[in-house]
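*Asks:* Each chain, written out:
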Amino acid sequence: MSRAEASASQGSGELRDRSRTARLRRTTFRATLLRNELLTTFRRWRTLALLAVLAAVPVLVGIAVKIETGDGSAAGPGSGGGPAFISQITNNGLFLVFTALAATLPFFLPMAVGVVAGDAIAGEANSGTLRYLLVAPAGRSRLLLTKYATVVVFCLAATLVVAVSALTVGALLFPLGDLTTISGTQISFAEGLGRALLIALAVAASLIGVAALGLFVSTLTSSGIAAMATTVVLLITVQILDQIPQLHALQPYFFSHYWLSFADLMREPVYWDELAKNLGLQALYTAVFGSAAWARFTAKDITA
Amino acid sequence: MAPYASDDSTTAGEVDEQRSARRKAARYIVPVTVVGVAAATIGLVPALADSGDPDLPKITAQQLIEKIAKSDVQQLSGTVKISTDLGLPNLGGLESGLLSGAAGQGEGGSSADPTAKLTELASGTHTLRVAADGPDKQKLSLLENAAEYSLIHNGKDVWGYDSKSNEVYHGTSSESPERGQDQQPPALPKDFAEEALKAVDDTTSVTVDGTAQVAGRDAYKLVVEPKQSGSTVGAITVAVDAETGMPLKFTLTPAGGGSAVVDAGFTKVSFARPAASTFDFTPPKGAKVTEEKDAGKAADKAWGETPRKAPGKPFGLGEAPKAGKDSGKGSGGPGGMKTIGEGWTAIATFDTGGEGVPSGKAGGEFGGFMDSLGDKVHGTFGSGTVFSTRLVNALVTDDGKVYAGLVTKDALVKAADAGK
Chain A
1 MSRAEASASQ GSGELRDRSR TARLRRTTFR ATLLRNELLT TFRRWRTLAL
51 LAVLAAVPVL VGIAVKIETG DGSAAGPGSG GGPAFISQIT NNGLFLVFTA
101 LAATLPFFLP MAVGVVAGDA IAGEANSGTL RYLLVAPAGR SRLLLTKYAT
151 VVVFCLAATL VVAVSALTVG ALLFPLGDLT TISGTQISFA EGLGRALLIA
201 LAVAASLIGV AALGLFVSTL TSSGIAAMAT TVVLLITVQI LDQIPQLHAL
251 QPYFFSHYWL SFADLMREPV YWDELAKNLG LQALYTAVFG SAAWARFTAK
301 DITA
Chain B
1 MAPYASDDST TAGEVDEQRS ARRKAARYIV PVTVVGVAAA TIGLVPALAD
51 SGDPDLPKIT AQQLIEKIAK SDVQQLSGTV KISTDLGLPN LGGLESGLLS
101 GAAGQGEGGS SADPTAKLTE LASGTHTLRV AADGPDKQKL SLLENAAEYS
151 LIHNGKDVWG YDSKSNEVYH GTSSESPERG QDQQPPALPK DFAEEALKAV
201 DDTTSVTVDG TAQVAGRDAY KLVVEPKQSG STVGAITVAV DAETGMPLKF
251 TLTPAGGGSA VVDAGFTKVS FARPAASTFD FTPPKGAKVT EEKDAGKAAD
301 KAWGETPRKA PGKPFGLGEA PKAGKDSGKG SGGPGGMKTI GEGWTAIATF
351 DTGGEGVPSG KAGGEFGGFM DSLGDKVHGT FGSGTVFSTR LVNALVTDDG
401 KVYAGLVTKD ALVKAADAGK
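So the sequence lines, in the order shown, correspond to chains A and B. With our numbering, letter number 6 in the first sequence gets 6, and the count goes up by one each step, no holes. With our numbering, letter number 12 in the second sequence gets 12, and the count goes up by one each step, no holes.
Just chain A, with the same shape it has in the complex:
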């Protein structure tokens, strides 16, 4: 579809005559477009502030646990309250990575993604730059794809910021070493690091559904603030609905339902069932809302 559009917007005669040069130009152009988008997004003060807030969460958790256990008592209430894995942090700093991701995944991470995704199209429309972007011979589909790719990169970056910050704080405040999986078996620190990386990837993948939803909302309006607010409100609503027992028949289809499944990577052997369900669900949300965003954006009158 994007090829057809590209040829339509470029003029079919020109494309046929110089197809090779055009293709070459297009490839470099695509890379340029993505790079420009990434630079614009990650240079924004708002994005940097979001990342700074995310990086601060593990610092707060780490210091709080350190102070609480300063007198040698166990972390958290004895009954195991608080975010997942919190009781193991004092014995192994690596667990701070898992705790920090478990603490940020329900709200902070998706909120940040919602802000970036909601702003992607609507923000450009709001500031009047969208029509200039569309003047470039890229086609709307490709622009949308580039925007989505940028948001997905942000998902990964945000997750890694939390994980790296948590690992740093964990290494500074707590001992590191071999760790015990939640199934009670021992794994080496290197394998633990590998699992931490897998968990970060799983968390980032958990967010791509929200990213697609945010992008769709973003194509519906030309107010960046409205798009961000709608995405965040949707996010909170779904999380609340996920807690209502009467809706348990619907809950497996909520994008946030399997989010905590990343913890299954800490089982031995790894329990893949829910992880696979989570990935499938995120792929479904991406397909549905991604194509809805495409349908809306490619047929939209751009007035600003």
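Worth flagging that the hints you see were computed from the coordinates, not collected in a lab. Treat each hint with caution, since some may be false.
Straight-line distance between alpha carbons at most 20 Å, and here's what the computed DMTMM-like set of lysine to aspartate or glutamate pairs gives [to be verified]:
(1) B:K288 / A:E68
(2) B:K67 / B:D55
(3) B:K285 / A:E274
(4) B:K285 / A:E191
(5) B:K70 / B:D263
(6) B:K221 / B:D399
(7) B:K288 / A:D178
(8) B:K376 / B:D399
(9) B:K81 / A:E191
(10) B:K58 / B:D218
(11) B:K268 / A:E274
(12) B:K198 / B:E66
(13) B:K81 / B:E144
(14) B:K285 / A:D178
(15) B:K268 / B:D133
(16) B:K156 / B:E144
(17) B:K268 / A:D273
(18) B:K24 / A:D301
(19) B:K81 / B:D202
(20) B:K70 / B:D53
(21) B:K81 / B:D263
(22) B:K81 / B:E194
(23) A:K300 / B:D16
(24) B:K81 / A:D273
(25) A:K300 / B:E17
(26) A:K277 / B:E144
(27) B:K338 / B:D351
Keep in mind that this is a model prediction, so the values were computed, not measured.
Assemble the complex: chain A is given as a structure, and chain B must be docked to it using the hints.
*Replies:* Showing chain B alone in chain A's frame:
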């Protein structure tokens, strides 16, 4: 090079405009199709994957029971899903609090104490992972949200590890080698099936009801049904692996209809030897370890008895019918307990010597609460309160007698009338 829309609007006539509006609308077919395909996949794939019941040679119920008895699976690993719906009033956390309290956790207890933990199985749906390698090595893990409770039996050590609170429970099975085997908690379909088959006598009909696929394996379906009327047990279905004779799935449906009271079955199973590291356990640094003897006698006793009783037979399945046979020989149960009738409709009865359930007036607010849980019944015996679940019913008469069994309310009243 301008955006489409402005192209269209400058050149389009009325017909073109209509066409372009239609073309715009047509784009929404894509997301709608995606949703449709996804819904169809979710709906159809399980139906297609269900390749029908496997063709297996015919077998009689007697042969199948012998096959179960002969089955000697030493090595296995798999995932078990247990759903229990006893129809207890939903008290939320209070219920589990009461259960674990009753299980003798009390002060000095540890959240890694198997007694407290495994009573959780008595309600709701749980996923378990099991692994076994001979009689000396077993592991059972209760998968929780971002946490896990593992019970590991390796040689003479028995470890309980609760990852949520990072607490460890340690016991030994050295005193009697047999006990180690007995300590395997009854979570497997096999354990349930054995209890059910103990109840088989002339008051029971046992049939083979075709075949089924369980966890990707071919299995025979054994159906155990009480012949007598008045029992709350509708039927017990056991899916038995055709190759190894191991029960793979256990379903107990109540006579009153509705969903199964107990449904325990493998969703994945493998008869290969599990990795040896599965059964290795070293308490993690900083974990709070509770030794069996520290936990006191209560826990010791509970470890021996309650885990077997609590989740496996929360309703005394298999015990009541057995007790019924005993009573035929004239022996009374413990603590002045007597049983009336035999087989599935056996009713256990004992005299509390008290005043029965405190009712609304006498017992104040607590009485009112108890009244709300039970139903008042009247008969020639007087009056009393019936507490019912989907399987077990109990009648507490106002003069302090208790009648309980896997029988209907009417059967209880009849028993009480007869006892008068």
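*Asks:* If you draw a straight line from the CA of K198 (chain B) to the CA of E66 (chain B), is it 20 Å or shorter?
*Replies:* Answer holds: K198 (chain B) to E66 (chain B) is near 13 Å, not above 20 Å.
*Asks:* Are the Cα atoms of K24 (chain B) and D301 (chain A) separated by 20 Å or less?
*Replies:* The given pair, whose Cα atoms are some 11 Å apart, holds under the 20 Å limit.
*Asks:* Given the hint that K221 (chain B) pairs with D399 (chain B), test it: the Cα-Cα distance must not exceed 20 Å.
*Replies:* violated, 46 Å
*Asks:* Within 20 Å, alpha carbon to alpha carbon, are K81 (chain B) and E191 (chain A)?
*Replies:* violated, 29 Å
*Asks:* Mind checking the alpha carbons of K268 (chain B) and D273 (chain A) for me, to see if they're no more than 20 Å apart?
*Replies:* Holds - the C-alpha atoms of D273 (chain A) and K268 (chain B) are around 11 Å apart, at most 20 Å.
*Asks:* Are K67 (chain B) and D55 (chain B) close enough, with their CA atoms no more than 20 Å apart?
*Replies:* Given pair K67 (chain B), D55 (chain B) holds - Cα atoms ~18 Å apart, limit 20 Å.
*Asks:* For the pair supplied as a hint, K288 (chain B) and E68 (chain A), is the alpha-carbon distance within the 20 Å limit?
*Replies:* Roughly 17 Å between the alpha carbons, so the hint for K288 (chain B) and E68 (chain A) holds.
*Asks:* With the threshold set at 20 Å, check whether the alpha-carbon distance from K285 (chain B) to E274 (chain A) stays at or below it.
*Replies:* Violated, at about 29 Å.
*Asks:* Can the restraint linking K81 (chain B) and D263 (chain B) be considered satisfied, given a maximum Cα separation of 20 Å?
*Replies:* Roughly 8 Å separates the two Cα atoms, so the pair holds.
*Asks:* Check whether the Cα positions of K288 (chain B) and D178 (chain A) lie no farther apart than 20 Å.
*Replies:* Measuring from Cα to Cα gives roughly 18 Å; hence the hint holds.
*Asks:* Are the Cα atoms of K70 (chain B) and D263 (chain B) separated by 20 Å or less?
*Replies:* Violated, at about 24 Å.
*Asks:* Are K285 (chain B) and E191 (chain A) close enough, with their CA atoms no more than 20 Å apart?
*Replies:* holds, 18 Å
Hint compliance for this structure: hints 3, 5, 6, 9, 16, 19, 20 are not met, and every other hint is.
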